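> Protein sequences, first through last, are from chains G and Y. Whatever position you read off the first sequence (first residue = 1), add 8 for the working numbering. Whatever position you read off the second sequence (first residue = 1), add 8 for the working numbering.
Nothing false has been slipped in among the hints.
Identical chains share a label here; the pair holds if one copy fits it or two copies do between them.
Computed list of lysine-lysine pairs in BS3-like fashion (alpha-carbon distance at most 27 angstroms, straight line): (1) LYS13 - LYS361; (2) LYS372 - LYS13; (3) LYS338 - LYS139; (4) LYS12 - LYS372; (5) LYS59 - LYS307; (6) LYS372 - LYS361; (7) LYS330 - LYS119; (8) LYS253 - LYS26; (9) LYS12 - LYS100; (10) LYS58 - LYS229; (11) LYS160 - LYS340; (12) LYS330 - LYS139; (13) LYS161 - LYS12.
The set of hints was computed from the structure by calculation and includes no laboratory data. Note that the structure is a prediction, hence the values are computed from the model and not measured.
2 protein chains.
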Amino acid sequence: VRIKKPTMIIDRPLTIKKIEWMANKARASNVRFRPHFKTHQSAEIGNWFKKYNVSSIAVSSVDMAIYFAENGWNDIMICTPTNIHQIDQINKLAEQIELHALVDSLETTEKLGNEMQNDLNVWIEIDVGYKRTGVPSIRIGDIKNIAKSIQKKPYLLFAGIITHAGHAYHAHSINEIITIYQDSIKQLSAIREALLSEGHSDIQVSIGDTPTCSLIERFEKPITEIRPGNFVFYDLIQLNIGSCKENDISMTIACPVISKHPERNELVIYGGGASLSKEGISHEKYGTIHGLICLPDNKKGRTNSIKDVYISSLSQEHGKIKGPPEFIEKVKIGDILLVLPVHACQAAILHAKYQTFEGQIFPKFRA
Amino acid sequence: VRIKKPTMIIDRPLTIKKIEWMANKARASNVRFRPHFKTHQSAEIGNWFKKYNVSSIAVSSVDMAIYFAENGWNDIMICTPTNIHQIDQINKLAEQIELHALVDSLETTEKLGNEMQNDLNVWIEIDVGYKRTGVPSIRIGDIKNIAKSIQKKPYLLFAGIITHAGHAYHAHSINEIITIYQDSIKQLSAIREALLSEGHSDIQVSIGDTPTCSLIERFEKPITEIRPGNFVFYDLIQLNIGSCKENDISMTIACPVISKHPERNELVIYGGGASLSKEGISHEKYGTIHGLICLPDNKKGRTNSIKDVYISSLSQEHGKIKGPPEFIEKVKIGDILLVLPVHACQAAILHAKYQTFEGQIFPKFRA
Chain G
9 VRIKKPTMII DRPLTIKKIE WMANKARASN VRFRPHFKTH QSAEIGNWFK
59 KYNVSSIAVS SVDMAIYFAE NGWNDIMICT PTNIHQIDQI NKLAEQIELH
109 ALVDSLETTE KLGNEMQNDL NVWIEIDVGY KRTGVPSIRI GDIKNIAKSI
159 QKKPYLLFAG IITHAGHAYH AHSINEIITI YQDSIKQLSA IREALLSEGH
209 SDIQVSIGDT PTCSLIERFE KPITEIRPGN FVFYDLIQLN IGSCKENDIS
259 MTIACPVISK HPERNELVIY GGGASLSKEG ISHEKYGTIH GLICLPDNKK
309 GRTNSIKDVY ISSLSQEHGK IKGPPEFIEK VKIGDILLVL PVHACQAAIL
359 HAKYQTFEGQ IFPKFRA
Chain Y
9 VRIKKPTMII DRPLTIKKIE WMANKARASN VRFRPHFKTH QSAEIGNWFK
59 KYNVSSIAVS SVDMAIYFAE NGWNDIMICT PTNIHQIDQI NKLAEQIELH
109 ALVDSLETTE KLGNEMQNDL NVWIEIDVGY KRTGVPSIRI GDIKNIAKSI
159 QKKPYLLFAG IITHAGHAYH AHSINEIITI YQDSIKQLSA IREALLSEGH
209 SDIQVSIGDT PTCSLIERFE KPITEIRPGN FVFYDLIQLN IGSCKENDIS
259 MTIACPVISK HPERNELVIY GGGASLSKEG ISHEKYGTIH GLICLPDNKK
309 GRTNSIKDVY ISSLSQEHGK IKGPPEFIEK VKIGDILLVL PVHACQAAIL
359 HAKYQTFEGQ IFPKFRA
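Given these sequences and hints, build the entire structure.
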């Protein structure tokens, strides 16, 4: 399929291989695999999971939950602290499917409990060190109070505890990830014990971040569920952390060359913040970069990234590429370059559809 | 209108006031006002310009040109070096409207000239120091050759020279902007003279960047056209440069509070990279920030930004806000906060529609 403008391209076989790998890993540890679909946001890619017996998913908004419910998913977790302005929609959706919601405050729990008219699985979000959302794990009293409040409400079912160890994204080695993982387990175990001692039973424990789920081989007790999302594509952030190898990255954005500046060893592609997002990543040699560059390859879809070629800056529709003279000389205006994105989730948000190397085109969710 | 989730809100009267101001400024200098519509990307906001006799616009992609042509605009400039993969579409559009395209290479000019079947106004993009696209202004020979090539092609009409002094975005004072502006004028004048001496006549000169167009009071010869875009909203980047005051910013993103953490003076809003973009800006006191925070105000739409309250980090759907204890204490879960965005253009890309403070809702273009 001829590329005419910035186009999000997915390596389908590689993506499916990773889905199978993660599903097998979850099965071997006897934990539920609840992939986070906020990364790809696509019904078609969702279908690729079904072959591996995935029936539970996570999403990051009510709108995304509605989209996947409409596309046949019956067990969906909305993985952000419940927004009390959307309880109406949550209530409607809970009538149709097995819906899971997160709380990290008594206020939200009470309001949710008072307004729901359909069964809702409620999870308490625990902060194990990321310091974004969740009740800090040391506040056992608060956690117990929220659990009590859930149990008193007729339509709220206390499902368990959940965490996102987002601080794993700041790790720079496998050892750091393992330390974060083990520390999370310790905190979650303590909370689970405390809740069991209060008479709560069947407390599920859900963890989910791509670095941990990629690098930990076996998930131990008390984990009952994992929710990685980004692994389905991977990107330069994950490559930098060490969660993946470059060959594991299955998203590229194909962009045509529109301007050449050999006098300063630069090219410009049609492909800027509007197709790649403006996220940057620190590169040891080049400072902040916005993507690495590969070439199309008839057999493998794309080559490896080309040494010393990178996106040095972005504006809305322009991407400036720097590279060695021999590369810049060779590339012609109109040539298609493939960008390995800094952050796949953020790049995906900008696109209405995906295309595979084989030419399959399919739409995705957009807020 | 009740806000339930991250919603892009436009201050309509303020936006219109700025449109009038810029239109008057262009008129006083006797230059054409060709606003860049890549910022708002909306037919409705486009209509607000018509009252001020605007009939020529700039856009940043062929798709956006098609959108505005469908919405009644008959004089459109595609303000990126022409993408040779889209000549078919350009040709079709040129049959319907007065279309303007940019070139910065002989290769693209030749290909465009060989394939066009309808009249196309062609501008040579000049690089006056931004070093993104455009022929460097010192390469007078190359510029002359491109102009010659345009004139030889039956459907290409040589319109003039155009520049985007994007390096003005890195300025930190009005004096720096004035220096960049004066330096641009000098370079463009020299090129114009060189082209006139070759026998080209009626050479238009188009400039356009929001810092320059905001801060320069009178546009002098040889400028015939200005193309500011971002001024229609402004944002924290422009505030930082000094192009505007905070009161001039007419875009905010309304976001509900979903999580409170008074123990660390933090709140979390539903509103992350998916609604605000991940762009950050360096703040003298707080390092990289991702937005300032205002409160809704019944009369004025929003208050001024609250002192020492800012977005310290973003994930896909979460925005973490830091602030003084007295602010954090006061805010309740469910409250709506208004974010002044770092970069209005990049935030706009993420939204399918706008809402005004008065409750008018209207769609916008999306790629």
